[in-house]
Amino acid sequence: MTNNQTIDETKKLYDEYIKLSAEQSSFLTTRLKSRIKLRFRKDFEGQSSDKKKLDKIIEKFISQTQEISWSRIKNFLYEEYHENQMEIYRMWMFSISQDLLLLKLISKRKSSGMSELYREYNLPIKAYISKNLLGVKGTEFFNNKCTDLMMETFQRFERYAMNFNPYKGTLFSYLISIADHLIKDETTIPETLVSDFNEQDEQDNTPIFWAISKDPSPDQLHEKASKEKYFLEQMIAEGGYPWQVLVVLLTKISDERTDITALSELPLLKLFQSMKTSFSESSFHDIEELEEIFKPLENQLMLILKNVIPTKDHQSRGYLHDYLEVKLADLPLSVFFGKDPLKNIRDWNHRVFKRLRKKILES
Amino acid sequence: MKDHLTDEQIENYIDSEYIQKKSVLYSPIDHDETSTLLPMKEIIQMEDHLNGCDLCLSRVTKALDFSISFQEWIEEKPNSDQKVMIKILKALHYEDPSIKTRILKWLKDWRVFMSNTVDVIMDTSYNGISNITKILKKSPINKDATLIFKNPVESFAMRGNVNTTFEKKRENVLNGYLQENNILEIQAQSQTKTIQITFNNEKFWQPSPIIILIPTQSGKPIIRAAYEKKDCDQFEISIEGLYPGKYLLAIEPFLPVQKQNNPL
Numbered sequence: 001m002t003n004n005q006t007i008d009e010t011k012k013l014y015d016e017y018i019k020l021s022a023e024q025s026s027f028l029t030t031r032l033k034s035r036i037k038l039r040f041r042k043d044f045e046g047q048s049s050d051k052k053k054l055d056k057i058i059e060k061f062i063s064q065t066q067e068i069s070w071s072r073i074k075n076f077l078y079e080e081y082h083e084n085q086m087e088i089y090r091m092w093m094f095s096i097s098q099d100l101l102l103l104k105l106i107s108k109r110k111s112s113g114m115s116e117l118y119r120e121y122n123l124p125i126k127a128y129i130s131k132n133l134l135g136v137k138g139t140e141f142f143n144n145k146c147t148d149l150m151m152e153t154f155q156r157f158e159r160y161a162m163n164f165n166p167y168k169g170t171l172f173s174y175l176i177s178i179a180d181h182l183i184k185d186e187t188t189i190p191e192t193l194v195s196d197f198n199e200q201d202e203q204d205n206t207p208i209f210w211a212i213s214k215d216p217s218p219d220q221l222h223e224k225a226s227k228e229k230y231f232l233e234q235m236i237a238e239g240g241y242p243w244q245v246l247v248v249l250l251t252k253i254s255d256e257r258t259d260i261t262a263l264s265e266l267p268l269l270k271l272f273q274s275m276k277t278s279f280s281e282s283s284f285h286d287i288e289e290l291e292e293i294f295k296p297l298e299n300q301l302m303l304i305l306k307n308v309i310p311t312k313d314h315q316s317r318g319y320l321h322d323y324l325e326v327k328l329a330d331l332p333l334s335v336f337f338g339k340d341p342l343k344n345i346r347d348w349n350h351r352v353f354k355r356l357r358k359k360i361l362e363s
Numbered sequence: 364m365k366d367h368l369t370d371e372q373i374e375n376y377i378d379s380e381y382i383q384k385k386s387v388l389y390s391p392i393d394h395d396e397t398s399t400l401l402p403m404k405e406i407i408q409m410e411d412h413l414n415g416c417d418l419c420l421s422r423v424t425k426a427l428d429f430s431i432s433f434q435e436w437i438e439e440k441p442n443s444d445q446k447v448m449i450k451i452l453k454a455l456h457y458e459d460p461s462i463k464t465r466i467l468k469w470l471k472d473w474r475v476f477m478s479n480t481v482d483v484i485m486d487t488s489y490n491g492i493s494n495i496t497k498i499l500k501k502s503p504i505n506k507d508a509t510l511i512f513k514n515p516v517e518s519f520a521m522r523g524n525v526n527t528t529f530e531k532k533r534e535n536v537l538n539g540y541l542q543e544n545n546i547l548e549i550q551a552q553s554q555t556k557t558i559q560i561t562f563n564n565e566k567f568w569q570p571s572p573i574i575i576l577i578p579t580q581s582g583k584p585i586i587r588a589a590y591e592k593k594d595c596d597q598f599e600i601s602i603e604g605l606y607p608g609k610y611l612l613a614i615e616p617f618l619p620v621q622k623q624n625n626p627l
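As they're listed, the protein sequences go chains A and B.
Following the numbering used here, the numbering of the first sequence begins with 1 at its first residue and continues without gaps.
Following the numbering used here, the numbering of the second sequence begins with 364 at its first residue and continues without gaps.
Relax, there's no trap hidden among the hints.
Derived pair list, reagent style SDA-like, types lysine to any residue, alpha-carbon separation capped at 20 Å: (1) Lys592(B) x Gln550(B); (2) Lys425(B) x Ile382(B); (3) Lys56(A) x Asp411(B); (4) Lys19(A) x Glu9(A); (5) Lys450(B) x Pro218(A); (6) Lys609(B) x Gln554(B); (7) Lys425(B) x Arg119(A); (8) Lys358(A) x Glu380(B); (9) Lys468(B) x Pro218(A).
Keep in mind that the hints were calculated from the coordinates and are not lab data.
Note that the coordinates shown come from a computational prediction; the quantities given were computed from them, not determined experimentally.
So that you can see chain A by itself, here it is in the shape it has in the complex:
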């Protein structure tokens, strides 16, 4: 084949590809529209309710997605065991358009864009750092270091977001490359040489997104504190059995869930007291305020077990039959655990969350 032929063939292939990608437009329109309406309604104020305006914005995103997908098609991988390969392709296209949407918000300095990026990728980035950073894994020091580097990754991303080229890779891969640099710096640059130069250089770039900013904002902190109070009150009132609520609170303050299972022989009241002290150290509330918020939970712990489990819950009553006459405060957590305590912790966390969400939906 001559060079001219190759070029003509490629052009033809491009036209065919654009046709194929255009067939995914309805899928992408539905997904993008609902994403904007659910997550970014304030940023598209006026546009999200005006059908024509919103359609126009989405049209732009889709046409850019098609172009980008063409330039990145060689990176697209089929999932061998998936029944519907076109679905995988459509999802890949959606992930490109989602990156574009986030990038647009971030470039316009909308905090919702950074917020969504952080929500989506903070745990994967932390997991990546934790896997690749040298150090004694599982220690508090190591965990704090990983959290710091994860935050620094997002801070740097915010400063250099405009260098991101969607034609070359995903937002996630860009974040990974930033994290890689930080990990490398951490292992090669002596601590004494790191500080001043970078700080001076980057001092004026105040992050727009408070969660990754080192500078707290009074209004947002106030909102965080109110939210915490609301969650705690709701959890204690509606979250479920006291031992389940206690475990969720312990999960929030523990780095590792095995730290909770290690305490499973302690009576619930002792566990509650130590949770309260630790909670105040990582909370927006001080110990006196927490005493008041936790009072209903403490009162529940003072009850006899049979008065806590309703008679209609035959399963729990049957399982805890031997302890029904004992005061809840004196029972160790191990009594409520099954064969796999970590599974119990996982289930209780999820159940408490679902119960609270159900209440929100019913209200």
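Starting from the structure of chain A, add chain B where the hints point.
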């Protein structure tokens, strides 16, 4: 999908799309093993419905906002700066509205706030030594800072280069300098558990300056406005009977006054 979404459908949708969604390197820890993620076909049908039904959209939005906030809260721990600010915000409830307004304005730029702070160790252990009373400025002075803190007594070099200036540290006194002018003196006394702050050059400190003394472990911040000293050009604040422990002392910045009319 003609009918409105049920609670169960909404919950499954949120879990599938936002909460239980697996990522490249990370899969959610908390999940219900009995529930499965919705197939894409169903998700699309629901999203199609959401795009045309404001009632369902508002219900999903409400549940989704809650779900995300709750998940974020579970992961979140306030850092030390945020905890300091929270303490101050709570103490502000009991303050005069004009002082409250000034402090809120002051807190808006955290870096400026922190640049005008010093650490106070009051009759407690420090670096393994007991019953120490010490005032120190640990963090480097950034370019926003208007005050430069120095210990007052300078000594001569005992050996080595005679031109080197050594500061003989009187650790319970710290002076604040603006250019060459000593405009602030902070003293801590172990015996009386007192902190005394003297603001030199009264004209410069207008309106009378405010300080916030924040205990770094437990306890509430103390907010004080300075009073005018009789027959001399000074303002003063004296706080007695403090508990032993570590404190952060924040002094209200005075940059705007300096820019308008520098009395020095």
